Structure formats: structure tokens, C-alpha cells
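Protein chains: 4
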Amino acid sequence: MEDFNLHLTGDIHAVGVAHNLLSAFIDNSLSKGNPLDIDPYSISWRRVLDVSDRALRNIVIGLGGKADGVPRESGFDITVASEVMAILALTTGLKDIRKKLGKIVIGLNKSGKPVTAEDLKAAGAMTVLMKDALTPTLLQTLENTPALVHAGPFANIAHGNSSIIADHIGIKLGDFLITESGFGADIGAEKFMDIKCRYSGLKHDAVVLVATIRALKAHSGKFTIIAGRPLDPGLLQEDTDAVTKGCSNLVKQIENMRYFGVPVVVAINSFPTDTAKEVEIVKAAAKEAGAYDAVVSDHWMWGGDGATDLAEVVADASNQPSDFKFLYELNLPVKEKIEIIAKKIYGAKSVSYSPMANKQIAKFEESGFGDLPICMAKTHLSLSHNPALKGRPEGFEVPIREVRASVGAGFLYPLLGTMRTMPGLPSVPAGTNVDIDEDGKIVGLF
Amino acid sequence: MEDFNLHLTGDIHAVGVAHNLLSAFIDNSLSKGNPLDIDPYSISWRRVLDVSDRALRNIVIGLGGKADGVPRESGFDITVASEVMAILALTTGLKDIRKKLGKIVIGLNKSGKPVTAEDLKAAGAMTVLMKDALTPTLLQTLENTPALVHAGPFANIAHGNSSIIADHIGIKLGDFLITESGFGADIGAEKFMDIKCRYSGLKHDAVVLVATIRALKAHSGKFTIIAGRPLDPGLLQEDTDAVTKGCSNLVKQIENMRYFGVPVVVAINSFPTDTAKEVEIVKAAAKEAGAYDAVVSDHWMWGGDGATDLAEVVADASNQPSDFKFLYELNLPVKEKIEIIAKKIYGAKSVSYSPMANKQIAKFEESGFGDLPICMAKTHLSLSHNPALKGRPEGFEVPIREVRASVGAGFLYPLLGTMRTMPGLPSVPAGTNVDIDEDGKIVGLF
Amino acid sequence: MEDFNLHLTGDIHAVGVAHNLLSAFIDNSLSKGNPLDIDPYSISWRRVLDVSDRALRNIVIGLGGKADGVPRESGFDITVASEVMAILALTTGLKDIRKKLGKIVIGLNKSGKPVTAEDLKAAGAMTVLMKDALTPTLLQTLENTPALVHAGPFANIAHGNSSIIADHIGIKLGDFLITESGFGADIGAEKFMDIKCRYSGLKHDAVVLVATIRALKAHSGKFTIIAGRPLDPGLLQEDTDAVTKGCSNLVKQIENMRYFGVPVVVAINSFPTDTAKEVEIVKAAAKEAGAYDAVVSDHWMWGGDGATDLAEVVADASNQPSDFKFLYELNLPVKEKIEIIAKKIYGAKSVSYSPMANKQIAKFEESGFGDLPICMAKTHLSLSHNPALKGRPEGFEVPIREVRASVGAGFLYPLLGTMRTMPGLPSVPAGTNVDIDEDGKIVGLF
Amino acid sequence: MEDFNLHLTGDIHAVGVAHNLLSAFIDNSLSKGNPLDIDPYSISWRRVLDVSDRALRNIVIGLGGKADGVPRESGFDITVASEVMAILALTTGLKDIRKKLGKIVIGLNKSGKPVTAEDLKAAGAMTVLMKDALTPTLLQTLENTPALVHAGPFANIAHGNSSIIADHIGIKLGDFLITESGFGADIGAEKFMDIKCRYSGLKHDAVVLVATIRALKAHSGKFTIIAGRPLDPGLLQEDTDAVTKGCSNLVKQIENMRYFGVPVVVAINSFPTDTAKEVEIVKAAAKEAGAYDAVVSDHWMWGGDGATDLAEVVADASNQPSDFKFLYELNLPVKEKIEIIAKKIYGAKSVSYSPMANKQIAKFEESGFGDLPICMAKTHLSLSHNPALKGRPEGFEVPIREVRASVGAGFLYPLLGTMRTMPGLPSVPAGTNVDIDEDGKIVGLF
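Residue numbers (our numbering), protein chains in the order written: chain A, 427 to 872; chain B, 427 to 872; chain C, 427 to 872; chain D, 427 to 872.
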């Protein structure tokens, strides 16, 4: 790790500046006579920063007098949650991103009509700031396999997929393209299919669903896992009962993937502590649930050689007949689309809406945004909205706290439960351990 | 301009993230029981953003309840005003920046003792974020002359000089190193000598003072110049009277540079509208004021060929005997140092201090920061603190509104008059003209 | 109206000062080292003002620096919503109010224990400020009937009853005491019985339920009534259908009153536009619903003479056997008590709780406040929480947004739907018409 | 102290409600489309509360969304600092107060023109709220001497005089009227003459300047006096040196009073610890400074009998010829008027103005308010603006931080040094000692 660059591709920086340029244009317009007649209370476009900083979630800006802007309530999100990041991953090129950036809706005017980045004349400059970020960064693995790294929207608060541009390039450069979908098949993969595939026009030939014995044990509900604390030693010993119980989660994820009509291969990402019995339980459960196959992969140990079996099965699966279909039609009412995802994918019994969410949905439908796909902001720690519900929860009600419209990116964006778009730091931030050592090498990152 | 990248070196992005990481650590510490007993009212470390955004100058953060931080007043500065940017330009390498970042003082604890980035355990992670920014970016001119681009602190709100690291590299790579000092010799060059030279241990052999006929005419006070409006046509016609009057500014700048004991060459950066008579006035005035010589340069038209005369004169001047000395000794009281700069360089009659500035200076001296050099935040539009005073103003009083301590970078930082550390946008921001054209080329940047 | 004094009894002023003294003591304690270790986020004690001022509902206080307090979010309520006002109406005398004021809970300390006005040493001074307000003001009607005016908590945002002290005095001074219970029998009268009677130990001999033909027509749902606009002319014409429909509201109110076991007399407060047929419908409906009788009263026209019939019926009713009982037992869980009121009195199908309300109820029960009676803050414009639901609404869900504890007054205080504790002014405030005329007489009050 | 009523006259309550009604009208107008085009940044009309509450000095109001007003910075003053209180004391009757309330300027519209309470249609309702407060409250001393108590503007933050109405009544009811002028002859009495006499048209026949030996000792600068701490025992022993030194203050106050052309009697308000030698020093100094006489009074011990000597001397003095004149002419520039008071009365060498104060003065003169008299907000603890300067300070500069316009009351209102219009509480507020005892009597007030 001699020369690790934390800024890597620069995508996040470009997204941050482009996003905040639009924010500054909004407040500048308010303080220069408000020529677009923007309703300041309606502004949903916040600012972003690439730091976990809870103190910026809710702020009052524009204090200090006339020269210092118009006072109003606003806040910051983490940059990966920016609509500009979502757009970067969903765009197909320079002219397309220009158009999408222009369509960003920042709020309403006093007559209730949407105000866009185009109206504010910010979309051109935003495009110029994003121009160089449009080209994916080509990295290579230790075995010199090429890897395109591009865009970074987290699946819990955004759509969780790498870029369409990188996929288009990758498809042309090799026999197979493996593209990653966020974390949690219930969020990343669902959004891959219902959002990204709709915009890319591409279809996948197979789904690789990654599972670990350890995570499935955790889904048994027998263990308490706290970030930053040592693991429960029970997770490191054979526990066939826990694996069996936790497989309920895997089974549901396989069922979910099969709704989309494409073969599903389960990759068991092996740990040294996995036992043969445990592996067998997972394989059996996966196949019973309809997986094409379930294969152990130990690339973490052997590199490419460790993944040969998996690769062959995935190649086979890709040659099977498939019949890809979306989970929902776009022309359904917004609430119906939300409920299809919540019930079919998460296993919920019902969905409830806060008064604000109800108003927002009505307003979006009235504004002509009702036909957009849905991008749920949901925890990745449970199939439900509640991180505490492990395995395959049922009978729960999904609370929709708020709904935002990412019209430029092309989706509506419900916030489930207490899901936040700006994280906070723990009592001892991981960063306190990061430093350089005597030789100038980075320490404490992992 | 086919492939202009607005993010260029990435320095600003790295500075912004490192700066804001420290900000997040501060507020996190406050909301996690405040183990360092930080006095929240004393926190002078703000946040930064690389956008002109007046609405962020004065904000209230930490609203929304216990999970969302501790409410307090704060604000954002523009990233180039960050102490981290100043440190980047003044550091000599990785271990040095680690130390300097650790020494940043963010405020006081409840016993009135300084609290540092080291105390908050943020300096290691900040160093790692800055690590790759330590290497200057090597660009080339259209004639393939190498140019190191590194760091970007503006001279009006910071110290205005490119990096010591780039200078050290440049010195070894050629016969001459030309390094730029902010804008305004009264700010950029004064800080070059009194701050940067102190920390680098380097001495320059000659000063090149750049002047234009047009700017000197403007210093006559006969013309009104408003950013964004067409120039007064009077500026484009021969006006020897205006040039003569405006030369008072140049004369003072030459006198100022001569205080430091190094030969001064005036470069007359020519415009097509300059007349021979006007040029003669400037040359005569410069020489009378003690310049080694004054030479017209039209590199803007002819590239390197246009600057040959100038280059030769500068080479000659560099070979003259010189006796470099600082303007003030570090062990003088803070106010005395401020007054030396204000009176000798700006031509002020006196200096006044707001009640806050008085308190801050007393506190800094008590905390042992009294021996630091002074980095004045002052308009570049006048020798005085007041942009309206043209030519060579005299008899004015310089008001010190506030004094900040950049202990990591190693200077005290008085704010003069209404000088701001976060700019605002005009009614029609320049960015509204920036866009891509039909062919995907950037338009509207210039 | 020659000498109308808008300040009348001075009760509201005394309440306001006593209330705000406690507020100032809280913030003073926070800014003087917080010796009681108060958790600033937990402070539920706001400030009060006797003006409708929406801009004070949500504010940030304590800005400006260390000398100006500790920044935090808070707000103002209207003075009649103050717990001190509720206490004034529920106290039995000087020593009792001293005790009740001391028991006011203003928030929690950092260990989660309640902090009281006693802990802040504010209750003594508050008592002294309230001392003279303890004596009711004796006024007289135009016919010289004595009337005690004392305290003024509105029934929609407080408990809606005049004082126990005035009742105790009144009972001793005449044969009958008529005491008023807020507005809306579903709020004022329910609180009279379940809260005031519990604390006074007094029992009433009869309920007089006041109805108007016009209001019952409005409850038909056929008419739109907007404050400040002329009445729908339909309300001024005979409309037996509307009266019949609207009687559903009266019937429910009679049923409600009968739960408490005391005879109910309906007073039909006549309007010149009432027709005989309409009156008959109301009388019939009232009797069928179990009222002891329903009598027209036109005291508005004839003074005491107009109310003789009513008075005699009420006297008769008071002599009937009665069996007063509370609606709920205090030792039930808080949610059960809320649901009894919502379902039995309002006719709701169910009750929902916001996440905040759930937390508050759990906290109150943990703190030992679970045994207090319930004081619902609800609109008076509907039996439900929704002003738009007229007549006798059914099948609705009552949303509890927030629950406050008035431990000094002795009740828990749920806020239903969007019920606010600080009103706002309309576009043309009524006060714009108020003035003095040429002769110094007040005009525009009515 | 059996029946002490802290609310006494009710004046403060009426003032508070009338003041805050106007505040609510302002924010209501802003949030209802701002029909008067008020510039929100220009609003100088704050809110008031009759509690010392530093946390309300600087607040952000109007948070929470569109229904909750327009966000802006504002704050509260203590009610005695309200312009409405100043008006109550300076008005001559109902029609006059109606007019004065209408002339209150709350800020500017976007064209820079003043916006008044009349424009907001609030002055009528304010008058009605003030109507009953126009009648002074008649109290009596223990010896049954009548005393009119009316209005309460403190002299340090307002004009410090009781009402013109009470004076007009009192003059007609007896041979002599004694009226009180705030505290500190340099503030209360100066304002009596330059402001109140101008508006009442009345002239006084003599000045009674009250002095104590103890206060004069304190003005020697030998003793440190801290509110709430026991007195330095040195103040209780004979100390002729301290008295002699402290007399410099008395001498200056006598000189000041003599500028106005009316005889000055010094009343030595005796303490049991005063010695004959000390009294003689004071008498001699007073006479030498031009006092008509200096007389000891011990009414604190003997009631009226103790003040007979004083009364006779005052009666004699009143019969002396006098030539009352104002300190300054109204038509002088604002700064000149301020400087006359600062130099002649306070003994200052010069006056400095903050940038804000300069702007405000220019704006007021432009708006036609330049002819108003000046009401300095200054500490009563020193002749200067600095409480630490005792005796007769000289050579100091008076800093004017801010200037407000009380156009309704009829004066301009400079704030000197750090003078505040909302006090704060000490660590142990006096109110913590106030309570009722076993018998319901008030304790702890004195």
C-alpha cells in the first residue's frame, strides 16, 4: 500500500463542486432580487461535502445581513448522495449529461412550477466541471486484469451502481463484463435492473449473488455485531444451526433476483473458518430456492485461480435462456410502485407515508414526475427498513418519511425510516488511527 | 482550449477534504461529550468550499436535535483561504506537513489553552489526504517550457505564493527559477519576503515588478472600472496625464521592494493601445524611483521571443550585489509588526483595532504565538485597505477588524477593513455563460 | 364600551412573567456552567407571549457569543397555553401553587432524570409573581349578577376551564354555581370532568350543553365557513335537512356527556333566524339521545328573563339522582387512556403515534408520570382532530404528533394532528381595524 | 410587606403587549407577501420581555417552514427599553400617544423609505392596548403623602424619567411637584432637560442632586465593589481622603447641572456611618462648585421630619432667579449633538463611531430625523461610557457602537461602548432567594 491515493478518480470532487455551484447559484438568485420567483421554502437542493459531518445536516444559512445572503434552513448531504453523482453513473455521454443536469429540479417557484438548473443557467458550467469526470478511470488488479472505476453512488442512499459509460466501454473490450451493483441485492441489484437497465438499454445475462457464511450466520439473529468492536467468537466456529437459519435471507434474495427472469449464480465468498457442512447447507438452500448453482470462490487467497470454478459456472449460466423483465411498469401511480418494491422485494406487509411524503408524492405527480422509476433509500443491514430485523423479516410496515425527486438523474427517491443522507462520525472516528509512519507510509487505513 | 480541466492539479480538492475533516472532528468531539473541554465559542476553525457562496459566510450548524450535533455559529471560507492551503505552500515535505498540520490551532479549551489538530487526532489523516498533493504538477507552456503548478493561496486573503517544494525542485532543474507572488507587490511580494523566505531559507536575486499602462491609468483615479462592464474608452486612448498620475502607485511599489535590499526590474506588460509617450513616462518614473531598469515585454503576442529583452535585464539585475533583509523582526510586539507593514508598505498614517482584534492579539501573545510573522488580508485594488483609494494614498487609518492565528502555517492573519474570506457571486455569475458547444467544446470561460 | 380594558384581570400578564422567569433561569443555568447537568436537547419548557406570532414558533436562541447564552432551538407558545396558566386554574391556594410550580418539569438532566423548577430555585419567585393573580376578579353583568373571572386556558391547547379557586368561592356565595368549560364539550367538558373534578374534588349536578341551530347546520357539511368572510346565506334560511344532519354532532355530544353519569340539559341558544320546525328537530333529537330536556334560551335578547325556562329545567335536572364517574382510571397505561378518549369521545377507530410521541410516552412512564390524566390538544371545529370532518365522523385515525408533560399542572398533553400552541395572524389581522375615534372611544373591537 | 404586588401599575405589561403586537404585525406582513415591500434586513424593531434573558439578545426567528414565518435575525430587549415605554412617559394624552405610536419607524422599505407603525395599521390597536396605562397610578407613602407612579424607562438604556402626564397632574394638585429623573444626573437629568422639558414645555425651578458619602468614597477608586458581595469594610469607616477624592464626581455633576441655568441643591442622603468631617468636606466642595447649598437629609430614619431642612432649602432655591436653557440646539448635525453631550457632560476628549453607527446617522439625517434630540444609552456607574472609570474621568474617547431612531418617542438613541438593551442574570439570580414563607408572606425580595 505504498502509494494509495485517497482521492483516486477525482469523481467525487468534480461532483461536489458541480453540485455546490448550483447551490450557490440558487442562493445568489434569491439574494439578487429573486428573478425566478423561487419559493425559498420549497428548495430541496442542498449542498454536499465528502466528509461525515452530522453538524451540517440541519443548518441555517444566509445570516449576517443583506450582503451575506437570505436566511433560510438547509443542510448538507454526503457527496455520494448527490443527484449529480447519480447522473454521472446514469448518463451516456457529454450531451446527455448536459441535458440531465439541466433537468435537475431544485424546488418550485411561487406558482408551484418546478425550477431547474437550466432556469438558473447553471447546467452549462456544471457540465464543464463534470466533463473530465465522464471518462472512467482505468485501473488494474494485481494480476493485471483491467478494471474501470467510475462514479460512486452508495446503494443505501442513492442507486448504488457504477456507470453506464464504463459498462458500454467494458462490453466492447472483452468477452465478459462484470459490473458491480451497490451492496445488498435488495437495494443495489433491484436498482440496477429497474433504474440502470432502463436507462442503459443493456441487459445482463446472469446475476452473481455474493454470500458469505459469516454474514448468513449473522442473519440468524443469534449474534450481536457492533461496528468497531471485536467479532463474537461464535461467528468463527462451526454453527450449522445459525447458517440454516440465516439462509432465509439468501433464499429471499434469490427469489427476488428470479423475479427479473435472469439466471442467478450464488458465489460463496469463502472464509478460512467456513466448514464443509456449513457450505453444503448454503449450496442446498440456494439450489432449492432456484439458483442455477452455488459455487465456493477463494480468490481472496489465490487470486484469479481461486475463482475459476465460479467463472465457469457463471459463463454457463450466461448461456441459459433468460427473459429479463422489470419489476414494475413506470406508468403506475407512485405509491403503487413503492409498494411493489416494499412488498415483493423487502417482504413488507404494508407501507405508511408521513404527511410530508404524501404531499411530496402528490406534488410530483402533479408536476409530471410520476412516471419516474423509484430509488429507495434504505439500510443495507436488513431486507426491511429496520437494521435490527435479520433473516427474512415479514409482516412489517415500511414508513416513508420523505420523498425527493431527482428529475435530472431520472428517479424518485423515498427515504425509509430514519435513513440519513449525511452520516455522522463515531466517538472515536476511524480517521484518528490514520497517519504516516517513520518512512512516510500510510498506516491505519485498514 | 480543447481539453481544459477546471480541476487541474487537484490541490484544492485535497485541501478542502483535509480541512473539512478537521472541522467534522471538532464538532464530533463536541457532540461526543467534549473530552477535550473545547470552549465552543472560541472555535475559529471554520469549513471551506471551492465555490463563491456568500450564504455560507455566517451559518448556524448542529440544529435538529441531539443526533445532529451541537448548535453553534460558524461559517465557510473559500478553499484557497484555508490554512491547509497556506501550509501546503509553505511546507518542505511530508514529515514537515505532518508536523505543521498537527500544530493547527482550532480554538481554546475552557481554561484558555489552545486546542490543536494533534489534540483532536486529525493531523495524521489530514496528512494522508494531503500526501499526493505534496507533489507539484508539471505543466508546459505552448513553447514547451516546463512550469510547476502547486498550491493556490490568494494574496488578498492568504499569503499568495506558490509552494516552497516547487521552488526547491525548480532551482535544481534550471539556471533560473521564476516564482510568482500573488497579486499586488504590496501583498504578494511582501508576504513572499517576510513569510515565505523566512520558512524556505531561500533568497531571490531580483524582483520583477509587473506593470501595465492600463492599470497605471486606472490608478490616476480618472476612470471608473466595474467588473463585468465594458471598459471606459478613455483607458484605450493615449492619456499621458493619467499615466503620469498613476505612476505614483508604481513608484511606491518600487520603493517598497527596495526596502528588502534586492534589485527591482519593472516589466511593462504591453497592450496594443500603449503609446510610446506613455511607455517613456513609466520608464522614467521607474528609474527615478530606483528600479534597476524598466523593460517592455510583449510575450502575450510573441511568446518567449517577446520577453527576451526583459529576460536579459533580469539576468543582469540578478548578478548585481544585493543585501536581502526582512521588513520587521519577529520578536517585536504583534501590533508593532502590523504597524510597520501598514505604514511602510501601505503608506498609512495609523492603525486602529476593533475590540475583538485587541482581544485576539492579547490572547495570541499570551498563548506564545506573538513571534509569528504577519499575513495581512487586504484588498489588491489599492495600496490601502480601501479599494476606492487609488494611486499612492496617504494619511489614512487602517482598521483591523479581526485577527486569526494560522499557527500550523506559521503566521497571524489580520483582516483589514471589510476584507472577506468567502466571496459572493454577482447578479449574473460568470458561470452562467459557461457551457459546452455543439462539438462538446467548452465555451464562455474567457 | 366606554372603558373597556383589554388587559382586564392581569392574569395573563402574571402568568407570562412567571413562565418566562423560569425560561430565563434555565438558559442562565446552561450558560453559567450548567450545574444541574441539564441536557439542552431535552428542554421542553419554551417561552410564552400574549400575541399571535407565528415567527416565534421555531427559533434559535443564544446566538452572538459566550456573553449571550448557549445556542439552541426553542420557541414561544401563546400565554394561555402555558403550564402556569393551567396551574393557576387547577390550584387550590397559595401553598398549593407553590408546590405545583416547584413540580414543573422543564426537561431532563444528562442521566435522564427530570429537572424541575424547584431544582432551578425558580418556583419561589414564580409564586410571588403569581400571588396576586390567585384572587379571582369579580365582575358583574349588566343585570348586576356577580361573575368571577379567573384564569384563561383555552380548551383546544390547554384544559379550557376557569379556576378551582373561583368555583370554591362561588359555591359558597349562592344557591347555584354555573362554571364554564372551555369550548366544545368533547374537549372543555371532558377535561372538566377528567382533570378539574379530579383535582377539585367537586362534582357537578348537571351539564348544560349549549347548541345553536346555526352551528348544527354547519355540522351538516353543506356549507363552507371561512373566518372573516360573510356567512353563506343558506345558513340564514330554514333548512330542516341540514339541521337534521347536523344533529348527529349534538347526539354524539349528549352521549359523551352521559358517559359521566350526570343529567344533561341542552340549551338552544336561539338566533332570530331559527324556525319552529328547526327547533323541534333539535329538541326531539336531544331527548332521543338521552338529554333530560332541551330548552330554548334567548338571554342574548332579554337578559335573565330570556333564560328563565332554561334555568328552571337546569334546577330540576340538578335534583335528579346522578352517579358521576370518570371516563378512565389513572393507573391505566398512557396509550390506553389516550385511546379511551379518542375512541369513546371522539369516535375514532384508532390512534397512531409519531416516533417522537412514542419516545416521549415511554420516557414519561419511566419517569413516573404515567399516572397523570390526559389533556388532549385538539381542534374545537370537529369531534375529530381534523377540522374538515363535520357532524359525527367515524372510522378515522387520530395521529398523536407529540406528547408534553405538564407535571406541575398534573397532566400529560398530547398534540393531535397539526394542532399548534402558537397561533398566527391572518393576512389582515383583526387588530388593523382597532383604533380610537375622535372622542377617544375604542372602535373596531367587534 | 404583606401585600406587595410585583406587577404594581401594569404599565410594563401594557407596554410589552403593545410593543410585541407591532412586532407580530411586521413579521406577519413579511410572510403574507410583504405588501409594504419592507426590507427585512433593515428592521430595527425587535421584541421585548420583562425578564433579564441574555439568550434572547440575538435569535433567528421564523424557522420551521412557510407556515411559520420568514427566517431572519432579530432579538429581544427588556421592556423598559421599549420605545413604547419612552412614548408613554413623553406623551401628553390619548390623541398624542395615538400619533406618536403611528410615527414609530420599524425599518425601511426596499426603496430606503421609513416604514411606520401607521403603515402597518398597528398604531390604533397599540393605542387601545395603552389606553388604560395612560392614567398614572396614585400611591401614598407611609405618611400618606400622595405619589404618582407612571412609566418606567431606565436612564441607562432609555430616557429615565417618569411621565409628563403625571407631572401635569401633580403640578395642579400641590404647591411643589418633585419629579424623579432616572439615575445618574449625567444621564437621567440631562435627558430630563434636553428631552422631557422640550416635549412637556415645563421648566423646573431647582435641581436636587442626591449624593451619599458612601458613593463618593466609591468614586475615589480606592474600593472594589461587586454586586452581590459584602461591602469593603473600608467604606464603613471614616476616610476623609477617599471622600475628598470622590468629590471630584460630585463637583462635575454640579457643574453639569449649572450648564442648564437652574439652581442646584445637593441632598446628602445620610448613612449612620457618615462622620461630621466627611459631611463637611462634601458641603464645602459642593458650595465651591456653585451649588446653592448642600443639606443632610435623614428621611430614611425620620420620614418627612428628617427632610425638613432640605425641603426648606429647596423651597428657597426655587425662588431664586433662573435662566433655563438646553445644552444643544436641535438643528445641529447629529454628531455635533452627540459630541456636545459627550464632551460637556461626560468630560470626554473625543467620540468615535463604528462603521454601522456612521451609516445609521447618515441614513437618519437623510430620512429627516436629524433634528431629534439625543438619548444616550450609557452606564450609570461612571461619568464615562466605561464603568471602571471612577471620579471625574478625562481624556477618554466615547465609542458609539450603534444608533437607533425612536421616531415615535422623538429621539435618536446612540449605544455607547458595550451598553446592552437586554440584561443577563448572574450565576445566582436574586430571584432564587425570593419565596413565600410559612404564613404566605413574601421573603427574599430585599
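Bear in mind the hints are in silico, worked out from the structure with no lab data behind them. Just to be clear, a hint being listed does not mean it is correct.
Note that identical chains are pooled: a pair holds if it fits in a single copy or bridges any two copies.
[Said to hold, decoys possible] Below, computed lysine to aspartate or glutamate pairings styled on DMTMM-like, alpha-carbon distance capped at 25 Å:
(1) Lys-598 / Glu-714
(2) Lys-525 / Asp-658
(3) Lys-775 / Asp-665
(4) Lys-709 / Asp-667
(5) Lys-789 / Glu-823
(6) Lys-525 / Asp-724
(7) Lys-867 / Asp-545
(8) Lys-770 / Asp-476
(9) Lys-713 / Asp-631
(10) Lys-539 / Asp-463
(11) Lys-547 / Asp-865
(12) Lys-492 / Glu-828
(13) Lys-671 / Asp-731
Remember, predicted model here, so these are calculated numbers, not experimental data.
- If any of the earlier hints don't hold here, list their numbers in rising order. 1, 2, 3, 6, 8, 13
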